[in-house]
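Engineer: Model the full assembly from the supplied sequences, consistent with the hints where possible.
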Amino acid sequence: MRIPVYRSQAQATSEAPGRRLTARMDAAPFITAELRRGEVFAEAANQVSEYALVRANALAEVEYNEAMVAAQAEMEELRRSLRDSPDIYNVFREDGTGLWSESTNDIRTRLSEGLSHRGLQSQFNARFNQAEVTARFQLRDEIDRRIEERAAAAQARRLDQLVAQASNPDNEISVLGFLLTGADAELVSNVAGGIITPEMRTIVNSRVAGAVATNTTQAFVSDNPNRALQLAAAIDLQDEVERGEMTPEDAARLSGLGEDAAYTLATLQLIPRGDAIEILYDALGRATRFADERRQQEERSDARLQARVTELYNNAFAFDPRESYNVNEVSAYSPVVAGQLNELFGSGVDGLYTGAQILRAIEDVLQFQGLSPSERDTLRQHANPEVTLPFAASSNQNIFGELSLLAITGELDLNRLNAERAALTRDDWLLLANRVASEADSTQRTILNIVDATFSYNRQTAPNNEAQVESQAAALDVERQFLQEILNRQRTGNPMTASQQQEFANSLIADRETTYRQTLSRQLSEYISRNPGLPPLRPGSELADLDAWFGSLENPSRSDRTNYERWRFRISEYMTMIGGN
Amino acid sequence: MADPVTLAAVSIGSNLIGGISQKRAADRAAAAARSASEFNAQLIERDIDLLEKQRNIINANFLVQSAMARSDFERDVQGAVRAGFGFAGIDMSQGSPMAVLRTNARKFEYDQSVAEFNNQINNMQIADEQENSRLSAQLSRMEGGAQAASLRAQGTASLIKSIGASAQTAYNFNIGSRGGAE
Numbered sequence: 000m001r002i003p004v005y006r007s008q009a010q011a012t013s014e015a016p017g018r019r020l021t022a023r024m025d026a027a028p029f030i031t032a033e034l035r036r037g038e039v040f041a042e043a044a045n046q047v048s049e050y051a052l053v054r055a056n057a058l059a060e061v062e063y064n065e066a067m068v069a070a071q072a073e074m075e076e077l078r079r080s081l082r083d084s085p086d087i088y089n090v091f092r093e094d095g096t097g098l099w100s101e102s103t104n105d106i107r108t109r110l111s112e113g114l115s116h117r118g119l120q121s122q123f124n125a126r127f128n129q130a131e132v133t134a135r136f137q138l139r140d141e142i143d144r145r146i147e148e149r150a151a152a153a154q155a156r157r158l159d160q161l162v163a164q165a166s167n168p169d170n171e172i173s174v175l176g177f178l179l180t181g182a183d184a185e186l187v188s189n190v191a192g193g194i195i196t197p198e199m200r201t202i203v204n205s206r207v208a209g210a211v212a213t214n215t216t217q218a219f220v221s222d223n224p225n226r227a228l229q230l231a232a233a234i235d236l237q238d239e240v241e242r243g244e245m246t247p248e249d250a251a252r253l254s255g256l257g258e259d260a261a262y263t264l265a266t267l268q269l270i271p272r273g274d275a276i277e278i279l280y281d282a283l284g285r286a287t288r289f290a291d292e293r294r295q296q297e298e299r300s301d302a303r304l305q306a307r308v309t310e311l312y313n314n315a316f317a318f319d320p321r322e323s324y325n326v327n328e329v330s331a332y333s334p335v336v337a338g339q340l341n342e343l344f345g346s347g348v349d350g351l352y353t354g355a356q357i358l359r360a361i362e363d364v365l366q367f368q369g370l371s372p373s374e375r376d377t378l379r380q381h382a383n384p385e386v387t388l389p390f391a392a393s394s395n396q397n398i399f400g401e402l403s404l405l406a407i408t409g410e411l412d413l414n415r416l417n418a419e420r421a422a423l424t425r426d427d428w429l430l431l432a433n434r435v436a437s438e439a440d441s442t443q444r445t446i447l448n449i450v451d452a453t454f455s456y457n458r459q460t461a462p463n464n465e466a467q468v469e470s471q472a473a474a475l476d477v478e479r480q481f482l483q484e485i486l487n488r489q490r491t492g493n494p495m496t497a498s499q500q501q502e503f504a505n506s507l508i509a510d511r512e513t514t515y516r517q518t519l520s521r522q523l524s525e526y527i528s529r530n531p532g533l534p535p536l537r538p539g540s541e542l543a544d545l546d547a548w549f550g551s552l553e554n555p556s557r558s559d560r561t562n563y564e565r566w567r568f569r570i571s572e573y574m575t576m577i578g579g580n
Numbered sequence: 000m001a002d003p004v005t006l007a008a009v010s011i012g013s014n015l016i017g018g019i020s021q022k023r024a025a026d027r028a029a030a031a032a033r034s035a036s037e038f039n040a041q042l043i044e045r046d047i048d049l050l051e052k053q054r055n056i057i058n059a060n061f062l063v064q065s066a067m068a069r070s071d072f073e074r075d076v077q078g079a080v081r082a083g084f085g086f087a088g089i090d091m092s093q094g095s096p097m098a099v100l101r102t103n104a105r106k107f108e109y110d111q112s113v114a115e116f117n118n119q120i121n122n123m124q125i126a127d128e129q130e131n132s133r134l135s136a137q138l139s140r141m142e143g144g145a146q147a148a149s150l151r152a153q154g155t156a157s158l159i160k161s162i163g164a165s166a167q168t169a170y171n172f173n174i175g176s177r178g179g180a181e
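Which chain is which? The protein sequence lines are A and B, in order. Position one of the first sequence corresponds to residue 0 (numbering that gives the first Met the number 0), numbered consecutively onward. Position one of the second sequence corresponds to residue 0 (numbering that gives the first Met the number 0), numbered consecutively onward.
Hints in this document: simulated from the structure, not taken from any laboratory. The reader is advised that the hints may include incorrect statements.
Stated by the list, open to error - Straight line, CA to CA, 25 Å or less: simulated SDA-like cross-link-like pairs of lysine to any residue:
(1) B:K160 with A:V47
(2) B:K106 with B:I120
(3) B:K160 with A:E42
(4) B:K160 with A:E38
(5) B:K160 with A:V39
(6) B:K160 with B:Y170
(7) B:K160 with A:R35
(8) B:K160 with A:Y50
(9) B:K160 with B:G12
(10) B:K106 with B:R81
(11) B:K160 with A:Q46
(12) B:K160 with A:R54
(13) B:K106 with B:V63
(14) B:K52 with A:T21
(15) B:K160 with A:F40
(16) B:K160 with A:A57
(17) B:K106 with B:S65
(18) B:K52 with A:R23
(19) B:K52 with A:A22
These numbers come from a predicted model, not from an experiment.
Structural biologist: Next comes the structure, spelled out in structure tokens:
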């Protein structure tokens, strides 16, 4: 028998329980989120930082620019002040210090410390140093120039002193050599030191010699033209002096000069013959002008005296010998006459003098002032009551009117006035007499101005060339003749009326003008011939020819321009004075 | 208008604040990275436990299967053999029946040995998997640490950069060396 047996059908699984999880956490999103969240705030802070920094840099840049402007301005101001500083030797010292260095360091430090940005401070210092170098060299040039100018001025003063010392004609001749050798030794030292060139030494020596010769000659000649002529004669003997055949003293003696001229001759011997002649020519001109001036001054002095005498004489006829006059009236007329009255007649009767007494006193006074016999006779005749007609109690109006008309037109003279005195009161007579005198004076002044203008004479400035000398000579010549004639007429008791003065002056001007223009034309020709560098100039169109010549020069040199301007100035002056252009 | 030094001080302060903010953000990002890696590591470490449980189950199953196979073999195979030979009157202790029983037993032992070998292989695989998971968890933590370190370094670099820029500004505007903003 087969017993059923239960057979289990269950089968244990071989599968393991549970599953392995493959899910993994990715950290990237969390990291990114945290970083992004931080970036937001950081970016905001960075933006604030960037903006503040940009603003700070911009303001620092402004500070820098302002500091540079201030530096330039302060350096320029410093340069100007130091340029004019009297203490020029302390501006730049040899050891690199000095006023400039100290001041610029102060400026740089002060302005640099005011800058906020360190980098811009460095930049500022670099730029400042760069600008400082430029300004320093500019100032150094100016300082050097001032130092050189001071040195040159000091040397010029020494040379002036030397010239002054050597320009005394009373010096011993040995002094001349001593002084000039000493000056030349200093110039030689300057040449050796490279301060001046050898050519400059020659020029300075030549100019010193010329100045000494000029000053000495002018001092020696002074206002004596004869001395200039004698010196010129002595110069002719200079060849023999130079050859050693004659001493300067002998040359002076032979030419008529004393030994006191030896020093002057020695100075003239130092310079070329042509220059010596020029100096003598100038000295002669000066001496001549001095002599002329002195003569004219004497003439003017005489004229003033004569005018006073003439006035006294003419006005004497205002006193009627039969009338009585108060002493005060006489004093107003002439204090000298009043004094003479007191001398002759005491204090008068109650202070009154008769006209005859006054006329006597006038005659006495005029007697010492060159009263001519005819004038004395006329005066005595007037003092004679039998001859002299009295003044009228009242003026004849017809005659007074006629005489007044003549006085206004400048045709009334004293002869005519005296002829009518019986028809005039004393006051009317005096009125017309004064008008005659004042009219003549006014006309006289006008005529003198016309003369000056005609001859281009400026009496305010001394003539400094031959044309102006001629101008002065012509004007003074005419004026002298004119004034002389006026005086002569006054002395003869017949003063010139205004119209007579004008007529006479015109004739004098016409006579002298011809000579004046001829002289100037000749001088112009001589001037042109003396300057061989001048181009050919046709008479009458000199200026136009000169301008055309200069205009034709393609590239005129400085010398051409200088010569042109010098020539044109002189020729233009001549042409203006001649009146051609 | 504020002066340049004050504005520079503002710039420095803002710059530092920005740098600090970036540093903090980087630190937080690093923490997130570390947290994520830890999370992943724990997930992976869970597999180790799971594999251990699988190992126990497989081993238990193997024991059960082995016992059941031995029982079945004794009862169904050897029993049948003994019954058949016994019914046939065959001496069981000699001759073929024994040989058959022995042969069956040897084959059964072989099968059992194969099953045990397979079970050991399975245990070894599970052990490898567990080791793999442990290493993966460790790697995850290491990666998270490295990433966190990188992020912290990035934040530190930002902070240093901002400090450097601030220091440069302070130097340019002379702040600090003369007592701060004037």
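Engineer: So, for every hint listed, does it hold in this structure?
Structural biologist: So, going through the hints one by one against the coordinates:
{"no.": "1", "hint": "B:K160 with A:V47", "verdict": "holds, 16 Å"}
{"no.": "2", "hint": "B:K106 with B:I120", "verdict": "holds, 21 Å"}
{"no.": "3", "hint": "B:K160 with A:E42", "verdict": "holds, 14 Å"}
{"no.": "4", "hint": "B:K160 with A:E38", "verdict": "holds, 14 Å"}
{"no.": "5", "hint": "B:K160 with A:V39", "verdict": "holds, 17 Å"}
{"no.": "6", "hint": "B:K160 with B:Y170", "verdict": "holds, 15 Å"}
{"no.": "7", "hint": "B:K160 with A:R35", "verdict": "holds, 18 Å"}
{"no.": "8", "hint": "B:K160 with A:Y50", "verdict": "holds, 18 Å"}
{"no.": "9", "hint": "B:K160 with B:G12", "verdict": "holds, 13 Å"}
{"no.": "10", "hint": "B:K106 with B:R81", "verdict": "holds, 17 Å"}
{"no.": "11", "hint": "B:K160 with A:Q46", "verdict": "holds, 15 Å"}
{"no.": "12", "hint": "B:K160 with A:R54", "verdict": "holds, 21 Å"}
{"no.": "13", "hint": "B:K106 with B:V63", "verdict": "holds, 19 Å"}
{"no.": "14", "hint": "B:K52 with A:T21", "verdict": "holds, 18 Å"}
{"no.": "15", "hint": "B:K160 with A:F40", "verdict": "holds, 16 Å"}
{"no.": "16", "hint": "B:K160 with A:A57", "verdict": "holds, 23 Å"}
{"no.": "17", "hint": "B:K106 with B:S65", "verdict": "holds, 14 Å"}
{"no.": "18", "hint": "B:K52 with A:R23", "verdict": "holds, 22 Å"}
{"no.": "19", "hint": "B:K52 with A:A22", "verdict": "holds, 20 Å"}
Consistency note: the structure conflicts with none of the earlier hints.
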